[in-house]
Amino acid sequence: MSNKDHNSEPHAEHISSYREHFGTWVGLILLTMMTVFISVFGADLRTLSVATALLIASVKALVVGYYFMHLKYDPAIYRIMMGIVMALFTVFLVMVIFDYLTRN
Amino acid sequence: MNHTFTLPNSGHNYDAKASKLGMWLFLYTELLLFGGLFLVYMVYRSLNEEAFLLASFNLDVWMGTFNTVVLLTSSMTVAMSITALQLGDAKKSIMLLWLTIAAALIFLVVKYFEWGAKFEHGLFPGMDHFNTLPPGERLYFYLYFFMTGLHGLHVIVGGIFIGVVIKKIKNKSVNKNRYQLLENSGLYWHLVDLIWIYLFPLFYLIH
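First to last, the protein sequences are chains R and E.
Heads up: the first sequence begins at 3 in our numbering, then just goes up one per residue.
Heads up: the second sequence begins at 46 in our numbering, then just goes up one per residue.
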């Protein structure tokens, strides 16, 4: 019998280390400080700061998903389904934007 | 040969993969729920940019930042508690889960003071001062109270979920070899964190 038989060991999976979780946390805190700093002290860069804030938020969301939610080490199916959900949301987003842009 | 029979769905069958997949499917619906609200926010913000900007000055950036740090830290403790249980250290796992619940309570207390200040200023929908605001600012507060309120509800549910898991680790029905329930509660907690990651810049940092 093969040791790699996944059905025989329901939890034979990657265990994240404490150090890795702590490193993830440090990264997230730094990104938070960055976004607050840009918002509070970069008020003259208004439209730019909204785009940057959303970009930083998305980087943080990816870090939480990949490391804390373990997507990086999980089977691809979870990432694929996440991609489908994001694609679905993008469809809604584009449809709403077109709706409002084409109104009088 | 010794055969033992367990009826399907009698509670004796444990399928970590199916359980995890089910949790993720639920989380995808949660993402679309909040996604819809973010679309509403986007539309009304683009139609009332100045009003949203003015209204956002009523929020305290530092309270929001503090709560962001609290939630990120709690996400780390719940992730570490999974590591602890996988390594067989149930005591440490429970301790880390209590820290997560403590963070949830701190978050809610800060929210209580934030909302309390809004109530004092009459900014809750239907209050006198609220009724005198221009429509754009009223929209901002409708969305603020609805979205942070729904998020706060998720914080409460997540805290209760984690409390249930603590109890089950104590009576050993969640253990080193059967920890999917702990992982699911962790996933739910991370989702709460994930939503806050977007709520924070959109409501507090738009100026």
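The hints are simulated quantities; they were obtained by calculation from the structure and are not laboratory data.
We put the beta carbon where it would ideally sit given N, CA and C, even for glycine.
Treat the hints loosely; a few may be bogus.
[Claimed, not checked] Stretches of chain R that chain E covers, calculated by requiring three or more beta carbons in the stretch to come under 8 Å of a beta carbon on chain E:
| id | region |
| --- | --- |
| 1 | 32-40 |
| 2 | 53-67 |
| 3 | 85-97 |
[Said to hold, decoys possible] Cross-link-like lysine-lysine pairs, in silico, BS3-like; alpha carbons within 27 Å at most:
| id | chain 1 | residue 1 | chain 2 | residue 2 |
| --- | --- | --- | --- | --- |
| 4 | E | 62 | E | 163 |
| 5 | E | 62 | E | 156 |
| 6 | E | 221 | R | 74 |
| 7 | E | 156 | E | 217 |
| 8 | E | 65 | E | 156 |
| 9 | E | 212 | E | 62 |
| 10 | R | 74 | E | 62 |
| 11 | E | 163 | R | 74 |
| 12 | E | 215 | E | 62 |
| 13 | R | 74 | E | 156 |
Taking the hints in turn, this is what the structure says about them:
{"no.": "1", "hint": "32-40", "verdict": "holds (count 3)"}
{"no.": "2", "hint": "53-67", "verdict": "holds (count 8)"}
{"no.": "3", "hint": "85-97", "verdict": "holds (count 5)"}
{"no.": "4", "hint": "E:62 with E:163", "verdict": "violated, 45 Å"}
{"no.": "5", "hint": "E:62 with E:156", "verdict": "violated, 36 Å"}
{"no.": "6", "hint": "E:221 with R:74", "verdict": "holds, 22 Å"}
{"no.": "7", "hint": "E:156 with E:217", "verdict": "violated, 35 Å"}
{"no.": "8", "hint": "E:65 with E:156", "verdict": "violated, 31 Å"}
{"no.": "9", "hint": "E:212 with E:62", "verdict": "holds, 22 Å"}
{"no.": "10", "hint": "R:74 with E:62", "verdict": "holds, 16 Å"}
{"no.": "11", "hint": "E:163 with R:74", "verdict": "violated, 41 Å"}
{"no.": "12", "hint": "E:215 with E:62", "verdict": "holds, 23 Å"}
{"no.": "13", "hint": "R:74 with E:156", "verdict": "violated, 32 Å"}
Of the numbered hints given earlier, the model fails hints 4, 5, 7, 8, 11 and 13; all others are met.
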